[in-house]
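Fit chain B to the known structure of chain A by using the hints.
Keeping their order, the protein sequence lines are chains A and B. Going by UniProt numbering, the residue at position 872 of the first sequence is 872; the numbering climbs one at a time, nothing skipped. Going by UniProt numbering, the residue at position 5 of the second sequence is 5; the numbering climbs one at a time, nothing skipped.
In case anyone wonders, no lab produced these hints; they're calculated from the structure. Careful, some of the hints might be misleading.
Stated by the list, open to error - The calculated BS3-like cross-link candidates involving lysine-lysine, where the alpha carbons are at most 30 Å apart (straight line), are:
no.	chain 1	residue 1	chain 2	residue 2
1	A	K206	A	K859
2	B	K109	A	K111
3	A	K75	B	K109
4	B	K146	A	K170
5	B	K146	A	K286
6	A	K855	B	K30
7	B	K13	B	K109
8	B	K146	A	K367
9	A	K438	B	K30
10	A	K189	B	K129
11	A	K111	B	K45
12	B	K45	A	K286
13	B	K109	A	K170
14	B	K18	A	K859
15	A	K21	B	K26
16	A	K21	B	K13
17	A	K859	B	K30
18	A	K32	B	K13
19	A	K217	A	K286
20	B	K60	A	K286
21	B	K109	A	K21
22	A	K367	B	K128
23	B	K26	A	K855
24	B	K146	A	K32
25	A	K359	B	K146
26	A	K407	B	K45
27	B	K128	A	K281
28	A	K367	B	K45
29	A	K32	B	K30
30	A	K438	A	K414
31	A	K281	A	K359
32	B	K129	A	K367
33	A	K281	B	K129
34	A	K859	B	K60
Stated by the list, open to error - Here are a few chain B residues that face chain A, going by a calculated C-beta distance under 10 Å:
no.	residue
35	K18
36	D73
37	A149
Said to hold, decoys possible - Chain A residues, not near chain B, derived (Cβ > 12 Å throughout):
no.	residue
38	T183
39	D203
40	D362
A quick note: this is a predicted structure, and the numbers were derived from the prediction, not measured. From the three backbone atoms N, C-alpha and C, an ideal C-beta is built for every residue, glycine too.
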Amino acid sequence: MNPFSSGTRLRDMIRAIRACKTAAEERAVVRKECAAIRASINENDNDYRHRNLAKLMFIHMLGYPTHFGQMECLKLIASPGFPEKRIGYLGLMLLLDERQEVLMLVTNSLKQDLNHTNQYIVGLALCALGNICSAEMARDLAPEVERLLQFRDPNIRKKAALCSIRIIKKVPDLAENFINPATALLREKHHGVLITGVQLCTDLCKISPEALEHIRKKCTDGLVRTLRDLANSPYSPEYDIAGITDPFLHIRLLKLLRVLGEGDADASDSMNDILAQVATKTETNKVAGNAILYECVQTIMSVEDNGGLRVLAINILGRFLSNRDNNIRYVALNMLMKAVTVDAQAVQRHRATILECVKDSDASIRKRALELVYVLVNETNVKPLAKELVDYLEVSDHDFREDLTAKICSIVAKFSPDKIWYIDQMLKVLSEAGNFVKDEVWHALIVVISNASELHGYTVRALYRAFQTSAEQEILVRVTVWCIGEYGDMLVNNIGMLDIEDPITVTESDAVDVVEIAIKRHASDLTTKAMALVALLKLSSRFPSCSERIREIIVQFKGNFVLELQQRSIEFNSIIAKHQNIRSMLVERMPVLDEATFVGRRAGSLPGTASSTTAPSVSLPNGVSKPVAPLVDLLDLSSDDAPAPSSSGGDLLHDLLGVDLSPASQSGAGKTSNSGTDVLLDLLSIGSPSAPSSSSTIDILSSNTSNKAPVSPLSDLSPLSLSSRATSNAGAAPMMDLLDGFSSSPPTDSNGPPALPSITAFESSHLRLTFDFSKQPGNPQTTIIQATFMNLSSDTYTDFVFQAAVPKFLQLHLDPASSNTLPAAGNGSVTQSLKVTNSQHGKKSLVMRIRIAYKINGKDTLEEGQINNFPRDL
Amino acid sequence: MIHFVLLISRQGKVRLTKWYSPYSQKERNKVIRELSGVILSRAPKLCNFVEWRGHKVVYKRYASLYFCMCIDDEDNELEVLEMIHHYVEILDRYFGSVCELDLIFNFHKAYYILDELLIAGELQESSKKTVARLIAAQDSLVETAKEEASSISNIIAQATK
Chain A
1 MNPFSSGTRL RDMIRAIRAC KTAAEERAVV RKECAAIRAS INENDNDYRH RNLAKLMFIH
61 MLGYPTHFGQ MECLKLIASP GFPEKRIGYL GLMLLLDERQ EVLMLVTNSL KQDLNHTNQY
121 IVGLALCALG NICSAEMARD LAPEVERLLQ FRDPNIRKKA ALCSIRIIKK VPDLAENFIN
181 PATALLREKH HGVLITGVQL CTDLCKISPE ALEHIRKKCT DGLVRTLRDL ANSPYSPEYD
241 IAGITDPFLH IRLLKLLRVL GEGDADASDS MNDILAQVAT KTETNKVAGN AILYECVQTI
301 MSVEDNGGLR VLAINILGRF LSNRDNNIRY VALNMLMKAV TVDAQAVQRH RATILECVKD
361 SDASIRKRAL ELVYVLVNET NVKPLAKELV DYLEVSDHDF REDLTAKICS IVAKFSPDKI
421 WYIDQMLKVL SEAGNFVKDE VWHALIVVIS NASELHGYTV RALYRAFQTS AEQEILVRVT
481 VWCIGEYGDM LVNNIGMLDI EDPITVTESD AVDVVEIAIK RHASDLTTKA MALVALLKLS
541 SRFPSCSERI REIIVQFKGN FVLELQQRSI EFNSIIAKHQ NIRSMLVERM PVLDEATFVG
601 RRAGSLPGTA SSTTAPSVSL PNGVSKPVAP LVDLLDLSSD DAPAPSSSGG DLLHDLLGVD
661 LSPASQSGAG KTSNSGTDVL LDLLSIGSPS APSSSSTIDI LSSNTSNKAP VSPLSDLSPL
721 SLSSRATSNA GAAPMMDLLD GFSSSPPTDS NGPPALPSIT AFESSHLRLT FDFSKQPGNP
781 QTTIIQATFM NLSSDTYTDF VFQAAVPKFL QLHLDPASSN TLPAAGNGSV TQSLKVTNSQ
841 HGKKSLVMRI RIAYKINGKD TLEEGQINNF PRDL
Chain B
1 MIHFVLLISR QGKVRLTKWY SPYSQKERNK VIRELSGVIL SRAPKLCNFV EWRGHKVVYK
61 RYASLYFCMC IDDEDNELEV LEMIHHYVEI LDRYFGSVCE LDLIFNFHKA YYILDELLIA
121 GELQESSKKT VARLIAAQDS LVETAKEEAS SISNIIAQAT K
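Same shape as in the complex, but just chain B:
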């Protein structure tokens, strides 16, 4: 299973963290510090796997961002690499050629998408289309709720004029 997902920027800034195994806040900070040290310092052509505290961390760099997933020893590293790519493609479609700024200002959206992709550290959906559809449906639910709220407040405002 995936123990955690980590997005760190080239400068070591955290852009997203998702923990599927229990780590206390202190441990989390330590993990992030240690791993960003290890991963950011690796040369570009080396393999995408790092052994770390009895687990493996699969990472891949996309532009200025490193996507990291920590997995068990017996998990399939190549598959996780593909999973990272899967996530990036979905982000890309959702934001339309995603960049780091999208993920900073819309970090919650990145989390929503991740939650449609992984639960309990396991893959949930292999179809990018389905994920996109589900996210769009929920976004529109939010939109309608907002519109309703504003139209109600409009009505109230007009009524009280």
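Excised from the complex, chain A in its bound form:
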């Protein structure tokens, strides 16, 4: 005998492991045991195989690798005795899962055991098959299982029924073979068989419409009868739980009836009486009774309308909601969520109670309640509800704030009756939980502020006050800094005072203080600091008295390690110091941002990713700026290399705010220095005098209102737009050219190449895929495609994989996707960028084949398609 296989018994090994005081000791014991087991395996030791596997299972449970024992399971299963098979199958289920190829080797043994004369061995095989079979095994062994559904012993029949569920889930095509044997099970008396039979029928109905039709027609009445007999049955000790006979069977019957009654008036009609009986007669002082009621309510809500029953159901939920047991309250909230779609009015009646649940000490209940409140909000009740939620925000748990903030912002944005209320609520949220607010939320807030011209003064004063108390909230700081930059004069002079306001006195230097605090705060990130620099520049013009102080603050950043800040600092300093004469024009107030396009874009794009990478672009061959490009380029401070002249307000907003400050944006700085001319001149030399666009540039600076889309936002060209990338090759253009305001050549900006529109590349009932295009300057052959996937169904997709193929004349490069999980119902999306190089640019258009694989509830789904609707000239 091997010296290592000391033959410690399982019990001794467990004791030894439990006696270990440290993890290292435990590892040592396990290592020694594993070595002994391996040695024993190598010797092909029959006597101890059984014990070794049991030990391995224990070791596996502790989290150590045990793959070397997999073959031992197979050997044990193949041996003739019951004890060996029993432990072998247990090991198989524990140590392996359906994805391991070793599993295929067991198919044959399984087949033999399914036909074994000993029914317990048949039971073991069914159990293993039901728990871990793969699609291939399901196909191979389905006939055996189908036969076993009629086995003489009920305990085998019930196992075969559950095994069938696994098989039809793995291979839905096999469903039709199981319809007849499954319906036969519904007539059984044995509870185990009945429970599993009902479950099998429920799953069949979900998988195959054919099965649903068949079972609905043939079995509805029988099931109603079974449920009635069960509900009226006398006390039976074997199945009794808290005075109810077999609640498990109750629940499964109700579930199947729900599937059958949904969308079918006749079937629903035939079950009305029994549903009413269960809903009224069930004992409710124990979990089991409540479980049945809960299921019953769910069924009543799903089957075709019967007013009376629904009232009954809603009343039951109301009772649940006021129950002291947290579990019952939780399920009530869960159920009310579903009831909202059926009878929102009835659910509204419980609003006060639900609102209380948002403040519960239990996180699970809070989450449910918040989601419910969220769907209950409408125009009429938004004010009180939002107030409650905002008030609660102040005292809520830290880890709950993120959810809560997102929901409040969404409610407020969706239902706000007027702008002042919206701004008020948002300010409260920002001051309480500013750090949890997502980018698109505060972008939207700024768009609204910008549009509410009568509220500018009010807003900036409110922000100033909020800043005094909540300067630690980053997003609040950003919004404040932006508003002070834009409307600082209104803050100081109390312009646009509303009746409801208390007057405050703010001096010019107080306003500058705020920005200085923001820029010098250690916690401020790059975006905030960059925004603060712009605000300072703006203030330097608004408050001439503070100009020198502002310049000093700005100058402090000229040696900043972050290029973006350094560059801004140097440029702005130069504007303040040397170009007094144009400063006021440069830093005029931003144009009103177009709300409609922003909202539209937001709806179309994704939370958090609405950056200019998705902006449509014009093609720029060989780096020679086309007329439109440099103009709009001015606005593009964002990170991507492709100049993304945008025609929508949303883009401008992002760009103007300079929110996408990733390192890439600094690449532009190099170009500036190359041109070797004065920075400012460079910046302003938007087009060379000979460039056809110069006239439109002049239009801008001479404040002529031009209606051309890409130009008009520039009429109030903000300093933020002083991007070095605007530098055209003709860097030496004299400034006067730009400023004298007259030009002989007519405006030609409309001749610019059109922006590339986004396309919906693929759409099915579950999924939408949109493509946004952009080009890199100087590389017309290459198109960067930003693919955005939206989930249109109500299930979350996991293991999401997108694949694409292109013909030979194209080259495709796929970047990793942003996530492999796609949240349900458009609650987010996955983005992935693709780079396509077209070697036949100008001759052939793009074409692509795509394949999208994902899992819904663990079930593989595959979608394929071809995309032919690319814009031409890509």
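Using the frame of chain A, we list chain B on its own:
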């Protein structure tokens, strides 16, 4: 359906795991780690449900052990709670007032019982008596096999004396 069953001790030690949906070993470890963190830290009187990665986990504490089952969103949480209790009662009857040590040293028995109760993540039997009977029958099969083996070896031993 039930995606997995998990028994963890108060100290976060795993006492039983049963996976009805495919999870790789890495995912399993992650699931166990995450869930034990969430569940063990919950205060005693809170509800027995935790929402987790789009699923729900129903858990219940019995003495030093937490019994957890992960279910789909549309499943009946209260029923699963009852199912956990059902399993515990069967264990209790089988071991005679079960304790954590029983489940440590006889973990395979706990698995056998679970396999008579659930297959493919669905309930198999609502009668505790039937489960007990089936387990007893299989245990006695094992016993007879063992006795036979030992009597054969006895006979061999005597014959070769």
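Now the hints, each set against the structure:
With a C-alpha separation of about 13 Å, the suggested pairing of A/K206 with A/K859 holds against the 30 Å cut-off. Only pairs whose Cα atoms come within 30 Å are accepted, and B/K109 paired with A/K111 is accepted, the gap being roughly 25 Å. Of the pairs offered as hints, the one joining A/K75 and B/K109 holds, with about 21 Å between alpha carbons and a cut-off of 30 Å not exceeded. Simply put, B/K146 and A/K170 have alpha-carbon atoms about 38 Å apart, too far for the 30 Å limit, and the pair is violated.
Taken as a hint, the B/K146 and A/K286 pair is broken in the structure, with Cα atoms around 45 Å apart against an allowance of 30 Å. Straight-line distance between C-alpha atoms of A/K855 and B/K30 comes to about 20 Å, which keeps the hinted pair within the 30 Å bound. Straight-line distance between C-alpha atoms of B/K13 and B/K109 comes to about 18 Å, which keeps the hinted pair within the 30 Å bound. As the CA atoms of B/K146 and A/K367 are separated by approximately 55 Å, the hinted pair breaks the 30 Å bound.
With a CA separation close to 28 Å, the supplied pair A/K438 and B/K30 stays within the 30 Å bound. For the hint linking A/K189 to B/K129, the alpha-carbon distance of about 16 Å falls within 30 Å, and the restraint holds. For the hint linking A/K111 to B/K45, the alpha-carbon distance of about 49 Å lies beyond 30 Å, and the restraint is violated. About 17 Å separates the Cα atoms of B/K45 and A/K286, which keeps this hinted pair within 30 Å; it holds.
Annotation: proposed proximity of B/K109 to A/K170 holds, straight-line Cα distance about 29 Å (limit 30 Å). Only pairs whose Cα atoms come within 30 Å are accepted, and B/K18 paired with A/K859 is accepted, the gap being roughly 19 Å. This hinted pair checks out: A/K21 and B/K26 have alpha carbons roughly 26 Å apart, not beyond 30 Å. The straight-line distance between the Cα atoms of A/K21 and B/K13 is roughly 14 Å, inside the 30 Å bound, and the hint therefore holds.
About 21 Å separates the Cα atoms of A/K859 and B/K30, which keeps this hinted pair within 30 Å; it holds. Restraint check for A/K32 and B/K13: satisfied, since their Cα atoms lie roughly 21 Å apart, inside the 30 Å limit. In summary, the hint linking A/K217 to A/K286 is not supported, as the alpha carbons are separated by about 35 Å, beyond the 30 Å threshold. Restraint check: the Cα-Cα separation between B/K60 and A/K286 comes to about 16 Å, which is no more than 30 Å; the hinted pair holds.
Restraint check: the Cα-Cα separation between B/K109 and A/K21 comes to about 27 Å, which is no more than 30 Å; the hinted pair holds. Under the criterion of a C-alpha separation no larger than 30 Å, the hint pairing A/K367 with B/K128 is inconsistent with the structure, at around 36 Å. The suggested pairing of B/K26 with A/K855 holds, with an alpha-carbon distance near 19 Å, which does not exceed 30 Å. Using a Cα cut-off of 30 Å, the hinted pair B/K146 and A/K32 holds, with the two alpha carbons roughly 28 Å apart.
Restraint check for A/K359 and B/K146: the C-alpha separation of about 61 Å exceeds 30 Å, so the hint is violated. Between A/K407 and B/K45, the direct Cα distance comes to roughly 27 Å. Compliance with the 30 Å bound is thereby established for this hinted pair. Annotation: proposed proximity of B/K128 to A/K281 holds, straight-line Cα distance about 25 Å (limit 30 Å). Proximity of A/K367 to B/K45 is assessed by CA-CA distance (about 17 Å); at most 30 Å being required, the pair is judged to hold.
Restraint check for A/K32 and B/K30: satisfied, since their Cα atoms lie roughly 26 Å apart, inside the 30 Å limit. Our distance criterion of 30 Å between C-alpha atoms is met by A/K438 and A/K414, whose separation comes to about 16 Å. In summary, the hint linking A/K281 to A/K359 is not supported, as the alpha carbons are separated by about 33 Å, beyond the 30 Å threshold. For the given pair, B/K129 sits about 40 Å from A/K367 by alpha-carbon distance, which is inconsistent with the 30 Å threshold.
Distance hint between A/K281 and B/K129 is fulfilled; the C-alpha atoms sit about 27 Å from each other, no more than 30 Å. Between A/K859 and B/K60 the alpha-carbon distance is near 29 Å, which keeps this suggested pair within the 30 Å criterion. Satisfaction of the interface hint for B/K18 is found here, the shortest Cβ-Cβ separation to chain A being roughly 8 Å, below the 10 Å cut-off. Restraint check, B/D73 versus chain A: the minimum CB separation of about 9 Å is within 10 Å; hint holds.
A hinted interface residue such as B/A149 counts as satisfied when its beta carbon comes closer than 10 Å to some beta carbon of chain A; here the least separation is about 9 Å, so the hint holds. With a closest Cβ-Cβ approach of about 18 Å to chain B, A/T183 is found to remain outside the 12 Å limit, as its non-interface label requires. Interface exclusion of A/D203 from chain B breaks down, the closest Cβ pair being 9 Å apart, not more than 12 Å. Under the 12 Å C-beta cut-off, the non-interface status given to A/D362 relative to chain B is violated; the minimum distance is some 4 Å.
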